[in-house]
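With the hints as your guide, set chain B onto chain A.
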Amino acid sequence: MEKNNKVIQVEGLTKLFGDFAAVNAITFDVEKGEIFGFLGANGAGKTTAMKMLIGISNPTSGKAKVAGFDVFTQAEDIKKNIGYMSQKFALYDDLTVRENITFFGGIYGLSRKRIKEKSTVLINELGLEKVANTLVGALPLGWKQKLSFSVSLLHDPKIVFLDEPTGGVDPITRRQFWEMIYKAANQGITVFVTTHYMDEAEYCDRVSIMVNGKIEALDTPKKLKEQFNAKNMNDVFLKLARG
Amino acid sequence: MKTILYIIQKEFKQIFRNKGMLPIIFVLPLLQLVILSNAATFEVKNIKFGYIDNDHTTTSRALIEKFNASTYFDVLTDFSSEGFAKSAMLKGEIDVVLDIPNYFERDLQKEKHNSLGITINAIDGAAAGVENIYVNEIVQNFNQHLKVDLLPLSNQQIQPINIDTIPLFWYNETLNYKTFMVPGILVLLVSMITLFLSGMNIVREKEIGTLEQINVTPIKKSQFIIGKLFPFWVIGMGLLTVGLLLARLIFNVPMLGSLVLMYLYTSIYILVILGIGLFISNFTDTQQQAMFIAWFFVVIFILMSGLFTPIESMPGWAQMVTEFNPIKYYVEVMRMVMLKGSGFTDILPQLIKTVLYAIVMNGLAVWSYKKTN
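Chains as they are written, first to last, in the numbering used here: chain A, 37 to 279; chain B, 442 to 814.
Same shape as in the complex, but just chain A (with noise of 0.2 Å):
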């Protein structure tokens, strides 16, 4: 039972390009609906690290199993499982709104009538019915991050990995952001997120926090607090990456 709760396992991951460890074995369990903050400075290895548990960048050594299935074999297991949002917008621009909803859940297997269905929802919850025909690429920002957002919980996968995603974008979005992430970690969906914004990190159910490839701090916002005896997440961010 145990077990079966810990959607992401991982145990000395470790990436080298060549001499330099960009992500220096890293440990860390994520359980099923936790929203799991991934921090850390630019270049920290937030992201290769990330890109590891997606499937898209082998491992140099170390272990990781994400919904069950391992990171080194069966990556396009895990693939089937994940939804993933990346930095970099990365819908299509000239599709419209509903073309990409519907080319994305193509992708994944899911069945026409599915899709429509899928598609009347997502576009009626983000507001965007009237824009539904429209090139995505004509779009604001924090529309674009909300959509896409949606787009990558389209097959109802078990973890959703977002990399950065509020980057850019105006503190209304932003909150409306984290109550799209709130409501997809109630449905039971584990939300494994980076972000620079220390206000969010005091969103997150845990938080990790990167240092040159190695994790140096992982806790609840709260028991971090403490243990750096600082008032907020700002300056445990501070005393740990300034080391």
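Hints listed in this document are in silico derivations from the structure and should not be mistaken for laboratory results.
Cβ coordinates follow ideal geometry from the N, Cα and C atoms, glycine included.
There could be a bad hint or two in this list.
[To be verified] In silico negatives: residues of chain A with every beta carbon more than 10 Å from chain B:
| # | residue |
| --- | --- |
| 1 | 94 |
| 2 | 152 |
| 3 | 153 |
| 4 | 223 |
[As the list claims (entries may be wrong)] Using 25 Å as the maximum straight-line C-alpha spacing, the simulated SDA-like pairs for lysine to any residue come out as follows:
| # | chain 1 | residue 1 | chain 2 | residue 2 |
| --- | --- | --- | --- | --- |
| 5 | B | 812 | A | 105 |
| 6 | B | 443 | A | 169 |
| 7 | A | 166 | B | 459 |
| 8 | B | 662 | A | 131 |
| 9 | B | 812 | A | 103 |
| 10 | A | 116 | B | 662 |
| 11 | B | 454 | A | 156 |
| 12 | B | 812 | A | 176 |
| 13 | A | 101 | B | 659 |
| 14 | A | 99 | B | 813 |
| 15 | A | 154 | B | 452 |
| 16 | A | 154 | B | 661 |
| 17 | B | 454 | A | 148 |
| 18 | B | 454 | A | 96 |
| 19 | B | 811 | A | 96 |
| 20 | A | 124 | B | 726 |
For chain B alone, kept in the frame of chain A given last:
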């Protein structure tokens, strides 16, 4: 299978939505077909001709008149001295100078033979060779007449054997170069467009970051590649169709062979080119790099295809290289089928090689596309 359909649908939407791209795909190649087929001629015509007549006799004038009457020679300039002729050639005003020496008529009558000086601008060696043949033909023609006029008896006495070669040209009886060029240029267009489009396609998705999003989906590599290739395959076949129509309607190129055979061969041939394109796409990170590499191959493939210069006259090593040139096979097949009416068994060697090539290139394309790095 359904997944492939979704990709194909998406690719077509993107192609037809790109307003700048459609004319590039269809209009420009056809313009090229019309322009190149008319301009890329091997015929040497309108040769800029000059002469220095030091003799000023009826004979010399009659010789010059021969050149004047020829349709190949143009602009008859009379130079008073060699110096003027030389400077005119340096300026590029003339390409051929005929130097008629002093006492040309007298020596010809006395000694029965004489030599003329010819200077030819040979920067374009092939054209110079042709010009040389034309000049010789006219001069010899003139000389024979002269001999016949002057020495009817001796001509019979010596050896009245007159061997005339009567050339008989098969398949392109009138030696119309357009008939020869149009199938070749059609080949070139189909190849270039499909190679560039496929070469740029995946790398473009890499650049805009959507490929990463595709790579985190459970899609199979072969599904993705087939879905990506199919639209370009259709475009290639569409280009062939429009090109064949133009060849028939504008250039009146004979189509002796079976259209079905042409389409069958092209359908496999395009797979080779698309495979090469995707292979390039997989090994490059930007569209710019992909474009340069695609150009590199296109230039070599075209110049070594037998389209402009015969493969038979290439050095041995180059002929070996052409064995790996898909465009060479396509040029051969199109010319054979269109102009000679060759059938399935005639083109079987080319067909088999092309099928093998297609399997290898697409195998490499699928292999080199990596979802996990």
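Going down the list of hints, with the structure as the test:
no.	hint	result
1	94	6 Å, violated
2	152	14 Å, holds
3	153	17 Å, holds
4	223	20 Å, holds
5	812/B - 105/A	17 Å, holds
6	443/B - 169/A	23 Å, holds
7	166/A - 459/B	23 Å, holds
8	662/B - 131/A	22 Å, holds
9	812/B - 103/A	19 Å, holds
10	116/A - 662/B	15 Å, holds
11	454/B - 156/A	21 Å, holds
12	812/B - 176/A	30 Å, violated
13	101/A - 659/B	17 Å, holds
14	99/A - 813/B	17 Å, holds
15	154/A - 452/B	22 Å, holds
16	154/A - 661/B	23 Å, holds
17	454/B - 148/A	18 Å, holds
18	454/B - 96/A	40 Å, violated
19	811/B - 96/A	17 Å, holds
20	124/A - 726/B	16 Å, holds
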